[in-house]
Every structure is written in structure tokens, then in C-alpha cells.
Amino acid sequence: MRKPPTTPNVSRRRLLGTTAAGLAATSLGACATSGGDDDTEDVSVGDDAENPFGVDGSAPLEVVIFDGGFGNEYAVQHEEIYNRAFPDAEIKHTATQAIAETQQPRFSQGEPCDVLDNSGAQQIPMDALVTDGELAELTPLLEAPSYDDPNVTVLDTLRDGVLTAGTFNGKVYALNYVFSAWTIWYDAALFREKGWTPPETWDQMLALCPDIQAEGIAPWTYAGQHPVYLYDMFLMLAGRHGGVQVLKDIDELKPDAWHNASVVAAAEAMYGLWEAGYILDGTPGIDHIQSQTAFNNHEAAFIPVGSWLPNEQKGIAPDGFEYAPMGVPYLEGSAQPGLISAGGDEPFVVPEKAANKPGAYEYLRIMLSQEGAQIFGDTVQAATVVKGVELDNPAAKMTDELVSNPEDLFQPRFRFWYTKMNDEVRPALGALMSGENTPEEFIERMQTVADETAADDSIEKFHHDA
Amino acid sequence: MRHGKYPFILSFLALPVGLYAWLVLLPFAQAFQISFTDWSGSSNQFEYIGFDNYVNLFKDDRLVLPALRNTGIILVVLPVVTIALGLFFAFMLNIGGRSRQGRIEGVRGSRFHKIVFFFPQVLSLAIIGILWKQVYAPENFGGLITGGLEAFGLPSPVNGFLADKRFVLASVIAVLVWSAVGFYLVFFSSAMASIPRDLYEAGIVDGAGRFQTFFRITLPLLWESVQTAWIYLSIIALDVFVLVYMMTPGKGGPDGASEVVGGVIWKYAFTHGEQAFASALGVVLFFAALSLAVVSLRFGRRERIEF
Numbered sequence: 000m001r002k003p004p005t006t007p008n009v010s011r012r013r014l015l016g017t018t019a020a021g022l023a024a025t026s027l028g029a030c031a032t033s034g035g036d037d038d039t040e041d042v043s044v045g046d047d048a049e050n051p052f053g054v055d056g057s058a059p060l061e062v063v064i065f066d067g068g069f070g071n072e073y074a075v076q077h078e079e080i081y082n083r084a085f086p087d088a089e090i091k092h093t094a095t096q097a098i099a100e101t102q103q104p105r106f107s108q109g110e111p112c113d114v115l116d117n118s119g120a121q122q123i124p125m126d127a128l129v130t131d132g133e134l135a136e137l138t139p140l141l142e143a144p145s146y147d148d149p150n151v152t153v154l155d156t157l158r159d160g161v162l163t164a165g166t167f168n169g170k171v172y173a174l175n176y177v178f179s180a181w182t183i184w185y186d187a188a189l190f191r192e193k194g195w196t197p198p199e200t201w202d203q204m205l206a207l208c209p210d211i212q213a214e215g216i217a218p219w220t221y222a223g224q225h226p227v228y229l230y231d232m233f234l235m236l237a238g239r240h241g242g243v244q245v246l247k248d249i250d251e252l253k254p255d256a257w258h259n260a261s262v263v264a265a266a267e268a269m270y271g272l273w274e275a276g277y278i279l280d281g282t283p284g285i286d287h288i289q290s291q292t293a294f295n296n297h298e299a300a301f302i303p304v305g306s307w308l309p310n311e312q313k314g315i316a317p318d319g320f321e322y323a324p325m326g327v328p329y330l331e332g333s334a335q336p337g338l339i340s341a342g343g344d345e346p347f348v349v350p351e352k353a354a355n356k357p358g359a360y361e362y363l364r365i366m367l368s369q370e371g372a373q374i375f376g377d378t379v380q381a382a383t384v385v386k387g388v389e390l391d392n393p394a395a396k397m398t399d400e401l402v403s404n405p406e407d408l409f410q411p412r413f414r415f416w417y418t419k420m421n422d423e424v425r426p427a428l429g430a431l432m433s434g435e436n437t438p439e440e441f442i443e444r445m446q447t448v449a450d451e452t453a454a455d456d457s458i459e460k461f462h463h464d465a
Numbered sequence: 000m001r002h003g004k005y006p007f008i009l010s011f012l013a014l015p016v017g018l019y020a021w022l023v024l025l026p027f028a029q030a031f032q033i034s035f036t037d038w039s040g041s042s043n044q045f046e047y048i049g050f051d052n053y054v055n056l057f058k059d060d061r062l063v064l065p066a067l068r069n070t071g072i073i074l075v076v077l078p079v080v081t082i083a084l085g086l087f088f089a090f091m092l093n094i095g096g097r098s099r100q101g102r103i104e105g106v107r108g109s110r111f112h113k114i115v116f117f118f119p120q121v122l123s124l125a126i127i128g129i130l131w132k133q134v135y136a137p138e139n140f141g142g143l144i145t146g147g148l149e150a151f152g153l154p155s156p157v158n159g160f161l162a163d164k165r166f167v168l169a170s171v172i173a174v175l176v177w178s179a180v181g182f183y184l185v186f187f188s189s190a191m192a193s194i195p196r197d198l199y200e201a202g203i204v205d206g207a208g209r210f211q212t213f214f215r216i217t218l219p220l221l222w223e224s225v226q227t228a229w230i231y232l233s234i235i236a237l238d239v240f241v242l243v244y245m246m247t248p249g250k251g252g253p254d255g256a257s258e259v260v261g262g263v264i265w266k267y268a269f270t271h272g273e274q275a276f277a278s279a280l281g282v283v284l285f286f287a288a289l290s291l292a293v294v295s296l297r298f299g300r301r302e303r304i305e306f
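So the sequences go chain by chain: S and Z.
Heads up: the first sequence begins at 0 in numbering that gives the first Met the number 0, then just goes up one per residue.
Heads up: the second sequence begins at 0 in numbering that gives the first Met the number 0, then just goes up one per residue.
No lab work stands behind these hints: they were computed from the structure.
Careful, some of the hints might be misleading.
From the structure, some residues in chain Z lie toward chain S, with a derived Cβ separation under 8 Å [what the hints assert, rightly or not]:
| no. | residue |
| --- | --- |
| 1 | A136 |
| 2 | A150 |
| 3 | G159 |
In silico lysine-lysine, DSBU-like type, Cα no more than 30 Å apart, as pairs [to be verified]:
| no. | chain 1 | residue 1 | chain 2 | residue 2 |
| --- | --- | --- | --- | --- |
| 4 | S | K313 | Z | K250 |
| 5 | Z | K250 | Z | K58 |
| 6 | Z | K58 | S | K253 |
| 7 | S | K460 | Z | K58 |
| 8 | Z | K250 | S | K460 |
Using N, Cα and C, we set each Cβ at its ideal position, and we do this for glycine too.
Could you build the full structure based on these sequences and the hints that come with them?
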């Protein structure tokens, strides 16, 4: 921070020096690393249920939406609701895929937008934003009365476990708006036709694989170029076997967390699929589109993807294809066989330095209203984190059954908490499933990077239930 | 006209120099400044941490060290292969043909070849990336090369070339060569056109074959062009990022096998939120490029031949 000169005693040399410094400072003022630190206002929840955050109806609101799989039509409709309450507010709506490119510089200038849908491949790293204190806590939003019923808080309108993904050390910084689960998909129609039962356990699955192969179908495929699609499958396999604590230990970088017998068993099981030749040839070299196309064409029977798959395939799926989700088949002796990776996705954040913070909270409150959530459900056929919104497709109903027990919902977090871990787990899973790494090598690499991360003081550490 | 000459000249220079300083020099200077901080890139807060970033650079054996190694390989292979092929093709298309009635010309259809070779230059790198990604794809996903090898009963990588650690870097370099060679073919062709024909005729009269003509006459007289090409290609080699980003699994994989310095800078700056670390690597790259240019200009200097 610059300080004003303390001595008023001005000599010629000093004058020249300070002028030069001042010039340098002003010229740098136009650049990335400068910009003032604005005062940030704290938003508190008032008594007025209609306008709990005390929104200034004439203040403009700037909303930036990630224009990806969900488009941005839903946001336009949410903005209309906002304008219904505050007709004078001018809303600037931006829809883009280049979130980091367009928004990161604005954070560093101290002039961010008001509401940011920080999603997609170009997401600004959440851990960096949180560590830098660039995000506003969403507690006022959660404590505020809900849009539809002043006697119920916003928090109580949400489904279980959906805040976890946006929680960093016990503080909620992101509202993950879409409810999604990572599951294994199969074509129910194909399974009926062939008389196959969707396997509950890993052994049942292994027993079914030869039958599948006999039909000229490979049992498994996945997005080999993006091995992150294996992340939840692998971790759920381990977590189901040893219980959720195994995964919490991994997330919290506990010593020897990766050496846990359940984690090793899961790695061996995954590697076993490759060893037995149960993975579609060429899978490590294909991307998510190619793998999903192969799945649609009945080249493979199972594929690990998130619950958005049926929506994504709408219009592409062959006639008669019935997308059906199941949990990853659990290993013999599993302690928590119902465990499933489900929760919020698509993080919406309010920058700490947002110009219109009350407006931003109000906008999020509108998103979480019954009407707002139904708009999202109707336009993109996906569930939001709001309770009680009905979706009219069989896959969504089956997913709802899988995620019905709140105790069994868990999102492994280390890849979001620690970019360094994320960078290692992706290639490591790819190497494990293509036979490049043995399970022992895989476990060692992950344990090594976990230990390095734990030992690095410059990395802020996060915990579950802090 | 002496009076007022300098203000006149300065008025022309002010705008371009000003723009250059503002848009090129200042960001460069800032990268130096940032590289000594712990700036994440998404905040306006940072602290100066001295040379820590530079020290940590050379301890990073997951991204930075493989990237330096791979960029080094590209830096050697790309110019050598591209220049060799460019020279060979240019020679064949301009001089290497059978001499008919004492006239020196290229092989038959040389104009057609020149255009065909130049095609890749017209395509944007993004398109080239998508194109070759498909060419290198696994056999059962329509890969051209894998399919071709299979058709002849030859072994091919089952997951395609780009998902195989052994082949991925070579595959990327091959695409770079393919896309660059056409330009250098034309570049060398025009340089060859300025070599007086009588030199060749004299050579041929003295009984020189194609081989000797090339090494004794063409190459020495093209030396300056070769040198220029070398510097251009070296800069491309240091810069290669788009193809790796477009084609390879995990934008530098599989498992880091095709990481390059440009890509690692991007990863640190935008996916890790470590702008300062990325800047430090950028500064290293800057000095590498600078010393490369200086060295190749210094040591490549030869006597200029007037003709």
C-alpha cells in the first residue's frame, strides 16, 4: 500500500524523485495489478420480507451467466422477475463461455459484476477467489425469508447437501444452483431386451461383463481424454466400501488416507476392468462426445457421467434409447453401499466488491423461489437445488430415488479445494484405467501429491464440517 | 528544411512508439514485476516474495520440468526438420528437375506442388488441430493413420497416437512441420530465384550433380534465409501451445507427456490462479527466446556474397 510522504521538507532531488515515482504509479494505474481497494458494504437482513436486503430499486444490476449446456434463457426470465419488483433497475445481462477471460481482469481491477455464474471449463479457480477474499459470504441470503413464504428461510427451501460444494471452511461462498449426481448410465431398453439385470454389486457387474461381450458390446467406456469423468466413480467405489469417512480423510489430506484398504481395493477394481479387457478399445483416446456417442450406438454398456446426460443427449439419442442411472456397483463387504456423489453444481457467486450487493442477494433469492426454480426446470429439464420442483422425465425420477437418503449424499471435494490435486488425479486416473500405472503406482502418486499439498504452507487448507 | 526537422520526425514516431511502449513494453515490464509477487490474478492484493517463484519453477517436476524438456525437443527438431524439408522441396521444385536443353528448372508440375504444399498455411491452427485430432484418433473411432496401419496389418497404438505417451509429442511435432513446411518452401523458392542461373550452369558444365549443386551452390548462397527461417521456427517452437491445447488429452497429456512451456504458463495463470508463478515462467521464456535469437544471429554470421 502506498503511503503519503511523511516529511514536508521538499528538496529538489526529492521533488524529482517523487514526481518520477508518482508518474510510474499513475502509469501503472492502468494495468492489471493496480486498482483501488473499494470499501465493501456488508449486507444485513432487514425486517421487510418483500425486500429483506434493502435493495435500492434504482441501482443497476449486472449479471454474468455461463452460456454452456444450460444456455442463458432461464436467466433472462429470472431478470424479468427482478424487474417486476424493481422496474427502475437497469439489468446488464452478459452471457459468455469465457468466464475467466472476461471476468478475472475485473476482479483484479476491483470492479467485478454483481452476480457471476462461475462455471464451465473457463471457471475462475474457486480456491483462489476464496483465499483472496474476493467472494461475499452468502449467509444473509440463506437467513433471509424465502421469496414465497416469509415464515420459511431461504435455507429451508433447499435440498439436503446442496451447499457443501460452495462451502469453504464452514462458510458458504457459492450457491450451486443445479442439483446433479454422478452415476453410471445404461440403456434400460437394451438391458430389458437382452434380459440383463442392472448389477447392484461389483461382482454381479463382473459376472455380467462376459454376457455383454458375447453380444459384441464392450462393457465399459468413458471420456478417456477427460479422465475426470472417472473421479466420482472411483471415489464412490472406495467410499461405499469403507464409508464416507474414507473420502473425508482424503479430502482433508490426512496422512496415509490414500493407503486406506478401501481406496486400494477401489483402485484395484478399476484397474481390473482394464486387465480383463472390459473397456472399449480406444477409450483412453476419445473425448466425452465420442464416448457418449459410442454409448448411444451400443458399443458400450456402461458409462460414468453426471445426471445431465439425458438432457445433453436430447435430440441425439437413438429412438427407443432409455437412459437409466445407477450407483456405481459396490464392492463385496461395503460399509455404505448407498453412498452417492450428489449435490449442487453450477456455482453462482457474489463478488465481495460487487457494486450492488443487496441486488445480487435479491437476484439469488429470486432464483431460489419456486417460480424461479420451475423456470429453470422447464427451460432446461434439470433439477435445481430447490425442494419441490417436479420434473417430468424418468431418468430424473430414478436419480431422485438414488439420492433420497441425505446421509448418503457426499461430494468429494479435494479436486476443487486443491488445484494441484486436481491436476494429478486426472492424469493418474487416466493412467490407471489405461494400464499405464498399476494400482500401487496410482496410490503412491496420489499419496505423494496429497503429502506435498499438506506440507505446503502457501496453500490454504479446507475442512469438512469446520 | 533543417529547421523543425526533429519535431516533424518525432511527430511521426510519437504515436507508434507510444503504442508500442504502452501495449508491449509496459506489459513486459509488468510481467517482471508480477513475477516477484504472489499475485493470484483474481484480486488486487499481492505481496512481494523475491525470487521464490523462480526457485520453485525448477522444483516443479510435474509441469514445468517436463514442459521445458518437451519445448527443448521441439526447439531442436522442428527447425531442423522443417528447414531440411523446405530446402529439399524448394530445390526440387526450382532447380532439381532434369535439365532440358540446358535450361534449369524444377520437377514436373512444380507450380501445382507449390500450391498444394502451401495449403496448410491457409488453415487456421484451430482447424489444423481438429483435423489432425481425427487423423490420429483410435482405429475404431475413425482414425486415418491407425486405420491405414491396421489395413496393412501393421501394429498401431490401440488408443490412437495422441493418447499414447510414446507418440504424442512426435505427433504434435509432425503436425507443426506439416503446417510450416509449405511456407518455408515458398520462402526458400523466392530466395533461390535470386541466385543467378549462370552459377548453376557453370556448375553443371563442370560436371556437378544435383547433390553437389545443392551443397556447393544453393545452400551457401541461401545461408541468410536459412538463418532467418531458423529464428522464426525457433520462436514458433517456443510458442507452440494451440496445437497441444486443441489435440492432446488434458491439454498437455496424456499424463504430462506433451506439456509445453506456453501451455504450462496458461495452466498456472488461468486454471491454477497463480499468475505470478506463470509470469515467472514467462520471464524465463522471454530470456530463452532472446538469447536464442542473439546466439543464432552471432554464430550464424557469415560473409555476405554480392552478386
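We went through each hint and held it up to the structure:
Because the beta carbon of A136(Z) sits about 6 Å from the nearest beta carbon in chain S, less than 8 Å, this interface hint is met. Below 8 Å, beta-carbon pairs count as interface contacts, and A150(Z) has none with chain S, the closest being about 16 Å; its hint is therefore violated. For the restraint placing G159(Z) at the interface with chain S, the shortest Cβ-Cβ distance is roughly 4 Å, inside the 8 Å limit, so the hint holds. Proposed proximity of K313(S) and K250(Z) is supported: the alpha carbons are some 28 Å apart, at most 30 Å.
Distance check on the hinted pair: K250(Z) and K58(Z) sit about 21 Å apart at the alpha-carbon level, within 30 Å; holds. Restraint check: the Cα-Cα separation between K58(Z) and K253(S) comes to about 24 Å, which is no more than 30 Å; the hinted pair holds. Between the alpha carbons of K460(S) and K58(Z) the distance comes to roughly 22 Å, so the proposed pair stays at or under 30 Å and holds. As the CA atoms of K250(Z) and K460(S) are separated by approximately 27 Å, the hinted pair is consistent with the 30 Å bound.
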